[in-house]
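Heads up: the sequence lines are chains A and B, in that order. Going by our numbering, the first sequence runs without a break in its numbering and finishes at 112. Going by our numbering, the second sequence runs without a break in its numbering and finishes at 553.
It should be emphasised that the hints constitute simulated quantities derived from the structure, not laboratory data. Where a beta carbon is used, it is the ideal one built from N, C-alpha and C, also for glycine. Keep in mind that the hints are not guaranteed to be accurate.
As the list claims (entries may be wrong) - Calculated Cβ distances over 12 Å to all of chain A for the following chain B residues:
(1) Ala176
(2) Gly211
(3) Phe223
(4) Lys304
(5) Ala340
(6) Leu407
(7) Gly464
(8) Ile479
(9) Ile508
(10) Gly514
(11) Glu537
As the list claims (entries may be wrong) - No farther apart than 25 Å at their CA atoms in a straight line, the calculated lysine-lysine pairs in the BS3-like style are these:
(12) Lys332(B) / Lys145(B)
(13) Lys451(B) / Lys304(B)
(14) Lys40(A) / Lys338(B)
(15) Lys85(A) / Lys403(B)
(16) Lys304(B) / Lys177(B)
(17) Lys90(A) / Lys12(A)
(18) Lys34(A) / Lys338(B)
(19) Lys9(A) / Lys60(A)
(20) Lys40(A) / Lys79(A)
(21) Lys60(A) / Lys34(A)
(22) Lys403(B) / Lys40(A)
(23) Lys79(A) / Lys60(A)
(24) Lys79(A) / Lys2(A)
(25) Lys34(A) / Lys177(B)
(26) Lys177(B) / Lys332(B)
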Amino acid sequence: MKMIVAIIKPFKLDEVREALSTMGVQGITVTEVKGFGRQKGHTELYRGAEYVVDFLPKIKLEIAIDAGMLDQALEAIEKSARTGKIGDGKIFVSDLEQVIRIRTGESGRDAL
Amino acid sequence: MSKKSFMPFVLPALLSCFPAWAYAENAASLPDKGDTTWMLLSTLLVILMIVPGLSLFYGGLVRAKNMLSVLSQVFAIFALVSILWVVYGYTLAFGDGGGLNWMIGDLSKLFLAGVTPDSTAATFSEGVVIPELAFVAFQLTFAAITVALIVGGFAERIRFGALLVFSALWFTFSYLPVAHMVWATGGFLFEKGALDFAGGTVVHINAGIAALVGAIVIGKRIGYGKEAMAPHNLPMTMIGASLLWVGWFGFNAGSNLEANGVAALALLNTIVATAAAALAWMFAEWLWRGKPSMLGIASGAISGLVAVTPAAGLVGPMGAIILGVAAGMICLWAVTRLKKFMGYDDTLDVFGIHAVGGIVGAIGTGIFVSPALGGVGVDGYSMGGQVITQATGVLITVVWSGVVSFVLFKLVDATMGLRVPEETEREGLDTATHGERAYSV
Numbered sequence: 001m002k003m004i005v006a007i008i009k010p011f012k013l014d015e016v017r018e019a020l021s022t023m024g025v026q027g028i029t030v031t032e033v034k035g036f037g038r039q040k041g042h043t044e045l046y047r048g049a050e051y052v053v054d055f056l057p058k059i060k061l062e063i064a065i066d067a068g069m070l071d072q073a074l075e076a077i078e079k080s081a082r083t084g085k086i087g088d089g090k091i092f093v094s095d096l097e098q099v100i101r102i103r104t105g106e107s108g109r110d111a112l
Numbered sequence: 113m114s115k116k117s118f119m120p121f122v123l124p125a126l127l128s129c130f131p132a133w134a135y136a137e138n139a140a141s142l143p144d145k146g147d148t149t150w151m152l153l154s155t156l157l158v159i160l161m162i163v164p165g166l167s168l169f170y171g172g173l174v175r176a177k178n179m180l181s182v183l184s185q186v187f188a189i190f191a192l193v194s195i196l197w198v199v200y201g202y203t204l205a206f207g208d209g210g211g212l213n214w215m216i217g218d219l220s221k222l223f224l225a226g227v228t229p230d231s232t233a234a235t236f237s238e239g240v241v242i243p244e245l246a247f248v249a250f251q252l253t254f255a256a257i258t259v260a261l262i263v264g265g266f267a268e269r270i271r272f273g274a275l276l277v278f279s280a281l282w283f284t285f286s287y288l289p290v291a292h293m294v295w296a297t298g299g300f301l302f303e304k305g306a307l308d309f310a311g312g313t314v315v316h317i318n319a320g321i322a323a324l325v326g327a328i329v330i331g332k333r334i335g336y337g338k339e340a341m342a343p344h345n346l347p348m349t350m351i352g353a354s355l356l357w358v359g360w361f362g363f364n365a366g367s368n369l370e371a372n373g374v375a376a377l378a379l380l381n382t383i384v385a386t387a388a389a390a391l392a393w394m395f396a397e398w399l400w401r402g403k404p405s406m407l408g409i410a411s412g413a414i415s416g417l418v419a420v421t422p423a424a425g426l427v428g429p430m431g432a433i434i435l436g437v438a439a440g441m442i443c444l445w446a447v448t449r450l451k452k453f454m455g456y457d458d459t460l461d462v463f464g465i466h467a468v469g470g471i472v473g474a475i476g477t478g479i480f481v482s483p484a485l486g487g488v489g490v491d492g493y494s495m496g497g498q499v500i501t502q503a504t505g506v507l508i509t510v511v512w513s514g515v516v517s518f519v520l521f522k523l524v525d526a527t528m529g530l531r532v533p534e535e536t537e538r539e540g541l542d543t544a545t546h547g548e549r550a551y552s553v
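Just chain A, with the same shape it has in the complex (with noise of 0.2 Å):
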């Protein structure tokens, strides 16, 4: 079992979202964050007070998945997040080591 976790930029949150379904990705967490990486943030001004936001909005994602559909989401999220500008994100594997369905107690592949 693997957990993705990918930082896209928050337009692009429905695509991936059909994209992953599409494939049979049976759930998603999704969470408005903030950060920085290579794109540069912006300023804003009030009455001549100038702020520097270097902290862009940005969704995060968390899929736990069946590492056999691995390669597959993963392409799924790259295609469908991609707009070629910096600032299209990031995507992070990890393994997991247990998962389980709090309803009825399942666990591991079953519980996905």
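For this one, chain A is given, so just place chain B on it according to the hints.
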């Protein structure tokens, strides 16, 4: 509008006794129902300017952790000054102070003694009166908004108790004397012929200077210039600015005390000067900083409202537009360049908008009241002379408010402490001082 309708305003005989904001002498006249209605309505409009208008305008500009503190301060000051006004404010502002009448009234109407539904107050026209109670209520709102305006200078770091004590003292020693000097028969500036139709000096310069002195005495906010202190909710600020604009029609057109052509002139000027100032600020910011901001449009509108206040019923609509353009650009300069240059932390730019805009308006009134420039004119008008008189009014108000505010801030600081502890300031005044939070997730 015919020139004739302005005649009572400019006749020398009337100007000399110009009893406008003083007690009635002619008890025989009965108030007109139209005038009375207009004054009651105007009073409500000015209350709309304060709560919710000013509170939301200010509230949106602070950080989320201090939202409720600003709303509480404006609301509590409105309530406090309302009580003080009927107890001793009205009589000291508009009474006849005898030997001290150049500066302050007397205590003959303490607790509104003798003011009944039948008593009347004079207006700008001979023989036309309004109910004195309507005048008392209308003037109450002016006193309240003036004191509430000061809050913006030291928002996000003042102790609530110290603010209330300061407000009561400043109302007594700065607002009442300045209002008396400018508006009451026998008042020093009133007799000198200084023109202030709706309170540019009494309200805006007076409050703006107090806010500046307060910002300097109390010191900068922790992290000022280093941490981001962006406004937390500009839509609230936009709603507040809009309510201020609507309410300002009561403030300016209501100051005519009668529902007639001059009230209509004041109302129209309050639209066009504001519009001109909003556009001036917006375009100047657009050219200078690259983007036209909502906060800029709203701030420009307020600067125009401030500048047209002393001029409302005295200048023509074209004069009002020029006044608005000047105010929009000069106030933008004041809140950016001047503020940075002088280094004070006037949190919500009370000085940069209200004092600076008020000074532009006071001087501009002396210029655009000229009949040659579309104004209504005053007896024996000369532009140079009137501008000097206006500047004298500005100077006296600046010095009076500056000195009184400085002494009172120091006094309150020495006895109670003006500023919250550092921990409270970092936490935010909402939870630390008021025990509540504006927004819960």
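Here's how the hints hold up against the structure:
In this structure Ala176(B) is separated from chain A by more than 12 Å, as the shortest Cβ-Cβ distance comes to about 15 Å. Every CB of chain A lies more than 12 Å from the CB of Gly211(B), the least distance being 46 Å, so the non-interface label holds. Every CB of chain A is more than 12 Å from the CB of Phe223(B) (nearest about 43 Å), matching its label as outside the interface. Against chain A, the non-interface label of Lys304(B) holds: every CB pair exceeds 12 Å, the least being about 35 Å.
For Ala340(B), the shortest C-beta to C-beta distance to chain A comes to about 5 Å, within the 12 Å cut-off, and the non-interface label is violated. Remark: the non-interface label on Leu407(B) conflicts with the geometry, its nearest Cβ contact in chain A lying 6 Å away (cut-off 12 Å). Non-interface status of Gly464(B) relative to chain A is broken: a Cβ of that chain comes within 12 Å, the nearest being about 8 Å off. Annotated as non-interface, Ile479(B) keeps its C-beta farther than 12 Å from every C-beta of chain A; the closest such distance is 27 Å.
Non-interface status of Ile508(B) relative to chain A is upheld: no Cβ of that chain comes within 12 Å, the nearest being about 29 Å off. With a closest Cβ-Cβ approach of about 23 Å to chain A, Gly514(B) is found to remain outside the 12 Å limit, as its non-interface label requires. No beta-carbon of chain A is positioned within 12 Å of the beta-carbon of Glu537(B); the least distance is around 18 Å. For a cut-off of 25 Å, the pair hint linking Lys332(B) to Lys145(B) is broken: about 51 Å separates their Cα positions.
Between Lys451(B) and Lys304(B) the alpha-carbon distance is near 33 Å, which puts this suggested pair outside the 25 Å criterion. Distance restraint check for Lys40(A) and Lys338(B): the Cα-Cα separation of roughly 20 Å lies within the 25 Å cut-off, and the hinted pair is therefore satisfied. For a cut-off of 25 Å, the pair hint linking Lys85(A) to Lys403(B) stands: about 24 Å separates their Cα positions. Distance hint between Lys304(B) and Lys177(B) is unfulfilled; the C-alpha atoms sit about 47 Å from each other, more than 25 Å.
The suggested pairing of Lys90(A) with Lys12(A) holds, with an alpha-carbon distance near 13 Å, which does not exceed 25 Å. A hinted pair counts as satisfied when its Cα atoms are at most 25 Å apart, and Lys34(A) with Lys338(B) qualifies at roughly 20 Å. For the given pair, Lys9(A) sits about 9 Å from Lys60(A) by alpha-carbon distance, which is consistent with the 25 Å threshold. The suggested pairing of Lys40(A) with Lys79(A) holds, with an alpha-carbon distance near 23 Å, which does not exceed 25 Å.
As the CA atoms of Lys60(A) and Lys34(A) are separated by approximately 9 Å, the hinted pair is consistent with the 25 Å bound. A hinted pair counts as satisfied when its Cα atoms are at most 25 Å apart, and Lys403(B) with Lys40(A) qualifies at roughly 19 Å. Restraint check for Lys79(A) and Lys60(A): the C-alpha separation of about 16 Å stays at or below 25 Å, so the hint holds. Between Lys79(A) and Lys2(A) the alpha-carbon distance is near 20 Å, which keeps this suggested pair within the 25 Å criterion.
Under the criterion of a C-alpha separation no larger than 25 Å, the hint pairing Lys34(A) with Lys177(B) is consistent with the structure, at around 20 Å. Using a Cα cut-off of 25 Å, the hinted pair Lys177(B) and Lys332(B) holds, with the two alpha carbons roughly 17 Å apart.
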